[in-house]
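A.B. asks: If you read the protein sequences in the order shown, they are chains B and H. Going by our numbering, the first sequence runs without a break in its numbering and finishes at 640. Going by our numbering, the second sequence runs without a break in its numbering and finishes at 640.
One thing to keep in mind: the hints can contain errors.
Just so you know, same-sequence chains aren't split out, so a pair can sit in one copy or run between any two.
Below, in silico cross-link-like pairs of lysine-lysine (DSS-like), each with a Cα-Cα straight-line distance of 27 Å or less [to be verified]:
| id | residue 1 | residue 2 |
| --- | --- | --- |
| 1 | Lys173 | Lys318 |
| 2 | Lys427 | Lys27 |
| 3 | Lys67 | Lys197 |
| 4 | Lys545 | Lys351 |
| 5 | Lys498 | Lys240 |
| 6 | Lys634 | Lys224 |
| 7 | Lys255 | Lys384 |
| 8 | Lys623 | Lys255 |
I should point out that these hints are in silico values taken from the structure, not numbers from a laboratory. None of these values were measured; they are calculated from a predicted model.
2 protein chains.
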Amino acid sequence: MERKIYLSNTSLSRAREIFLQAALARKMGDEEIATVEAAGRVTSEPVFARISSPHYHAAAMDGVAVKAADTFGAAPTSPRRLRLEDNAFYVDTGGMLPPGCDAVIMIEDIFYPDKENPREIEIREPATPWQHVRSIGEDIVATEMILPSYHLIRPFDIGALINGGIFTLKVFKKPRIALIPTGSELVEPVDLPEPGKILESNSYTFAAAVRDWGAETTRFPIIKDDPAKLEAALLKAVEKSDLVLISAGSSAGRKDYTVSILEKLGRVLVHGVAIKPGKPVILAMIGSTPVVGLPGYPVAAYMALELFVMPLLYNWQKQTPPQRPILEAFSSRRIISSLKEEEFLRLKVGKVNNKLVATPLPGGSGVTMSLVRADGITVIPQDKEGIEAGEAVSIELWRTPAEIENTIVCLGSHDLSLDILNDHLQKQGLGYTLSSAHVGSMGGIIAIKRGETHLAGVHLLDPESGLYNIPYLRRYLPDMEIVLVHLAKRELGLIVAKGNPLGITRIEDLSRNDVVFVNRQKGAGTRIYLDFMLRGKGIDPALIKGYEREEYTHLAVAASVAAGGADAGLGIRAAAQALNVDFIPLAWESYDLAIPAFFYNSAQCKALLTVIASPSFREGVEKMGGYDLRQSGKVIWRQG
Amino acid sequence: MERKIYLSNTSLSRAREIFLQAALARKMGDEEIATVEAAGRVTSEPVFARISSPHYHAAAMDGVAVKAADTFGAAPTSPRRLRLEDNAFYVDTGGMLPPGCDAVIMIEDIFYPDKENPREIEIREPATPWQHVRSIGEDIVATEMILPSYHLIRPFDIGALINGGIFTLKVFKKPRIALIPTGSELVEPVDLPEPGKILESNSYTFAAAVRDWGAETTRFPIIKDDPAKLEAALLKAVEKSDLVLISAGSSAGRKDYTVSILEKLGRVLVHGVAIKPGKPVILAMIGSTPVVGLPGYPVAAYMALELFVMPLLYNWQKQTPPQRPILEAFSSRRIISSLKEEEFLRLKVGKVNNKLVATPLPGGSGVTMSLVRADGITVIPQDKEGIEAGEAVSIELWRTPAEIENTIVCLGSHDLSLDILNDHLQKQGLGYTLSSAHVGSMGGIIAIKRGETHLAGVHLLDPESGLYNIPYLRRYLPDMEIVLVHLAKRELGLIVAKGNPLGITRIEDLSRNDVVFVNRQKGAGTRIYLDFMLRGKGIDPALIKGYEREEYTHLAVAASVAAGGADAGLGIRAAAQALNVDFIPLAWESYDLAIPAFFYNSAQCKALLTVIASPSFREGVEKMGGYDLRQSGKVIWRQG
């Protein structure tokens with residue numbers, strides 16, 4: 001079996017320079033299009049007015065057109081008489097002045113001295129020449145340059161062009177992009193996939209992105225892993241395209257023959273760029289057509305698209321890519337980064353106590369939700385080993401600064417109701433959003449202590465008192481003013497496979513030889529509950545198979561059980577129900593929100609508490625099963 | 001003749017409040033669309049994943065899938081043997097782990113001990129459970145909320161939705177907008193218009209704008225001034241639209257019956273808003289459909305569109321209109337504003353000597369070029385009488401701050417070559433633009449003195465020395481370091497009607513009784529030349545008819561002559577040629593660029609001088625006729 005394992009580690013700036021230089025040798029031609037369809041297009045040459053606007057002397061008011069000289073000397077005491085259709089003429093705004101007229105008198109200043117003879121009018125003030133007249137060319141003079149070359153046409157430019165007699169004009173063609181998805185495992189997104197099959201989504205993301213950047217797209221059907229088919233598709237694509245994007249197969253694995261085909265048909269400029277995610281990108285030319293081989297992992301692919309394809313497309317249209325706002329924030333934690341690559345980190349950003357705090361989103365280059373949830377990205381240079389907790393980082397925002405200002409940050413334990421809460425908050429229409437990141441209950445308490453969160457979701461059982469949350473807040477935040485608001489009671493229990501084939505009924509069964517467990521991460525309330533129960537029952541965790549395998553959410557635990565990766569996990573009923581597996585109830589736990597006083601008194605918090613108390617939110621959560629929200633919104637404890 | 005003259009003067013904030021409250025009673029429904037077509041649309045409900053992603057345990061690397069337990073104890077000194085297709089299985093990245101497997105060993109770490117038997121493999125390190133495995137739900141867990149309500153769908157959201165098994169989803173419908181252009185004088189923009197006819201352009205500007213704001217449009221044919229026809233069109237429009245925009249006829253003049261029809265068919269909420277431009281706007285409802293009557297003047301219409309229609313459309317889609325950047329700049333001159341209205345002023349903005357300077361653009365609500373040329377707008381509140389020269393004003397930018405930084409400001413005399421210069425500068429591709437405003441040669445010198453311009457175009461004849469420009473710079477800028485760069489020699493002369501029917505041949509003819517003159521404004525080099533000639537010849541300006549009528553550009557003078565508004569004017573040959581009128585040459589004058597030293601040494605200026613020296617620029621200017629650029633770019637004088 002032939003296996004090529006090589007990827008260069010070209011720096012991003014060098015790779016981009018090499019690629020753009022080669023690709024921009026290809027020029028975008030221009031085409032003549034109708035002015036009325038030209039919004040968003042870019043002029044390829046200057047546009048000169050064919051006619052003036054107005055193209056005649058026009059009345060600027062409704063009134064009577066006169067020759068100013070005929071009115072000289074008029075005064076209230078010695079009015080001047082004029083005769084309509086003779087030396088005075090009704091004109092409407094925009095209408096043409098009759099020959100010889102050089103002024104308009106407003107209709108309010110016209111008097112009718114003779115009721116019998118409505119053509120007789122009287123003027124009591126002289127008109128000055130050119131008063132209330134829009135003279136020819138006031139707006140645009142024929143032959144004047146209306147728009148220069150390389151001008152992005154906006155709505156009101158269309159008005160100016162038409163007024164200057166321009167009904168068609170030359171604009172750059174839209175770059176034509178061919179999208180070729182590859183991979184035998186891929187299926188079209190029309191039916192839910194069989195196990196082992198992957199829904200093809202990258203080409204649709206690419207298509208939407210490059211259309212935003214001014215291109216038009218042709219998507220090829222999925223090419224199975226067959227070099228001959230890919231070669232045929234590529235040859236067809238380069239014929240009719242300005243740029244070809246190949247999705248997946250850009251790495252150096254068993255089926256990654258894309259690079260050899262590109263070497264055969266053209267020249268590979270770069271294979272492998274020192275960026276993370278996005279390393280296994282291929283930048284190539286077939287004749288005069290640039291070809292980009294994008295990684296199969298969606299986050300890597302999207303980053304490579306922004307870094308290489310976006311600048312090319314804007315450059316072809318002689319435009320500059322839109323700049324995202326840059327903000328400086330403080331990193332909430334230490335982040336390790338490799339010296340091998342420049343790293344593009346997706347982050348959540350929130351403003352707490354007038355301090356912008358950034359928290360990296362979990363997940364590698366396969367986690368599309370890290371793009372969906374990102375508030376922005378930061379770049380860790382190749383020669384930097386990472387970011388210290390509390391270090392200032394420069395963030396390219398994917399949301400507006402106003403949205404960040406209006407974001408309520410909730411670090412702490414994961415609960416499904418938080419997403420529902422955010423949804424209802426958005427619907428409230430005050431512009432607030434809830435951004436929850438899952439760091440476990442203890443992580444949430446520490447975040448409050450450090451001033452990095454507006455509130456924390458907590459469900460921590462105190463083994464001694466049997467109380468939830470309050471003892472922990474007393475112990476870890478003794479000097480802070482805190483309000484504890486109840487959110488929900490949740491049913492906690494063992495999540496087991498459908499039909500419970502191993503007959504698991506209690507905690508003790510977890511140490512059985514035939515049972516594989518899946519655990520939650522350290523610091524999670526559920527983990528603390530488990531360890532408390534194990535200690536109480538004298539069970540050695542070392543006896544539990546899979547005790548060391550940690551998942552970060554209830555849903556991930558249930559998903560693991562559903563897929564047969566584990567036989568049992570500890571979690572909430574709603575998660576089991578969602579994944580259609582069985583649930584052995586053990587206890588009702590209290591999931592509360594710990595809210596520092598500074599935030600409790602804010603408008604944002606009031607909006608949040610209004611939603612929490614609303615019937616529609618409660619129904620939305622209880623519908624999931626295993627939730628009791630009868631007491632939600634109740635202040636159960638205060639300190640300070 | 002019935003003439004209603006009334007317009008209320010409702011404040012903008014009140015008018016907007018009244019309108020939005022009524023219009024937003026109408027809700028945008030939702031529709032189910034394909035995910036792959038959903039970019040740019042807005043979710044109307046939360047979207048929950050139907051499947052997990054990955055939906056099976058997948059290999060994260062190309063390699064061999066194993067049960068980790070089978071590899072425990074493996075070491076270089078005691079390798080472990082496995083057998084392919086038995087307890088080890090080739091997997092590609094993304095492929096499904098065979099049942100029982102829980103780890104992947106990278107292909108680099110697989111050894112083949114037995115050449116005869118390629119199914120035998122050797123492992124020299126133990127695998128840890130779940131290494132190189134993307135476990136089920138790593139990205140998305142089934143039932144998880146992928147997107148909340150009211151979420152604007154971005155390209156990578158499409159990828160996440162597909163991965164979660166979402167192939168269709170509910171989004172808000174696009175608001176349907178009917179555009180009704182009205183006015184008997186209007187003609188479609190297909191042929192150049194007859195005198196008295198006006199090209200209909202506003203509806204096309206509106207269509208392009210509201211499409212940017214998320215709507216779809218239906219444009220009605222032009223409705224002549226006939227109340228019955230407008231009524232019929234309105235009834236048809238409200239039936240199928242969420243919003244109707246009527247172009248023109250919103251004022252209170254003779255043919256402005258729009259408001260009475262709206263009163264008959266529905267209710268008029270506001271007629272007349274205290275804004276300038278945009279005052280005569282009508283805000284109405286017919287049943288549940290909002291109707292906006294927009295002014296006929298294009299600038300007024302566009303401002304009203306942004307102020308009333310944009311917030312409605314974004315609100316219907318539960319989005320916030322994009323915020324333009326706000327900058328503070330200093331006003332270069334005193335601006336008077338009425339206490340009757342809130343005034344929206346279009347401005348040029350430039351950064352000179354690290355100071356942002358704003359200069360209002362000339363032209364009233366009929367001058368579309370004041371929108372085209374605007375760098376931004378400022379709002380003068382109703383209770384403010386104006387802006388003092390040097391006062392700080394807050395500007396909503398229509399270009400990016402980077403574009404403003406890269407703008408070369410040229411205040412001074414008008415010359416056609418400056419537009420050509422800007423066009424070539426843009427084509428140079430360094431991102432620089434030339435922004436020229438026409439304040440006359442003396443105005444340009446004063447602007448240099450005040451530090452408000454990078455350079456000034458000047459053509460001032462010194463009557464005593466017969467020299468151009470240098471004596472003026474010596475006199476008015478004695479202490480400044482200045483470089484005078486020659487741009488062009490221009491042929492100056494009398495612009496007269498085609499065929500010169502009055503037989504005008506020299507300056508003396510201007511005082512003839514049968515000749516009407518059109519002048520340039522005070523301070524213009526051409527005006528100074530004229531006054532110098534008149535004095536030299538002992539001609540009293542009072543004898544020249546039209547001496548007091550001032551135009552601001554050569555082209556405007558030529559246009560006035562072309563339209564018969566004047567018999568003669570003084571200007572350059574290129575202007576006469578452009579307007580196809582006759583030209584009587586009088587002299588060659590020197591049009592130069594006065595450049596302060598601080599700017600002369602900048603990168604921007606070097607780029608500008610490179611363009612000035614380029615053959616393509618010279619040819620472009622000389623093609624207009626009456627220009628000699630053989631010496632262009634030559635430094636003709638330096639001071640300091």
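A.B. asks: For every hint, state whether the structure bears it out.
C.D. replies: Here is what the structure says about each hint:
no.: 1; hint: Lys173 with Lys318; result: within (12 Å within a copy, 34 Å between copies)
no.: 2; hint: Lys427 with Lys27; result: between (47 Å within a copy, 14 Å between copies)
no.: 3; hint: Lys67 with Lys197; result: between (84 Å within a copy, 22 Å between copies)
no.: 4; hint: Lys545 with Lys351; result: neither (42 Å within a copy, 69 Å between copies)
no.: 5; hint: Lys498 with Lys240; result: neither (53 Å within a copy, 52 Å between copies)
no.: 6; hint: Lys634 with Lys224; result: neither (58 Å within a copy, 65 Å between copies)
no.: 7; hint: Lys255 with Lys384; result: neither (34 Å within a copy, 71 Å between copies)
no.: 8; hint: Lys623 with Lys255; result: neither (46 Å within a copy, 61 Å between copies)
Going through the hint list in order, the structure does not satisfy hints 4, 5, 6, 7 and 8.
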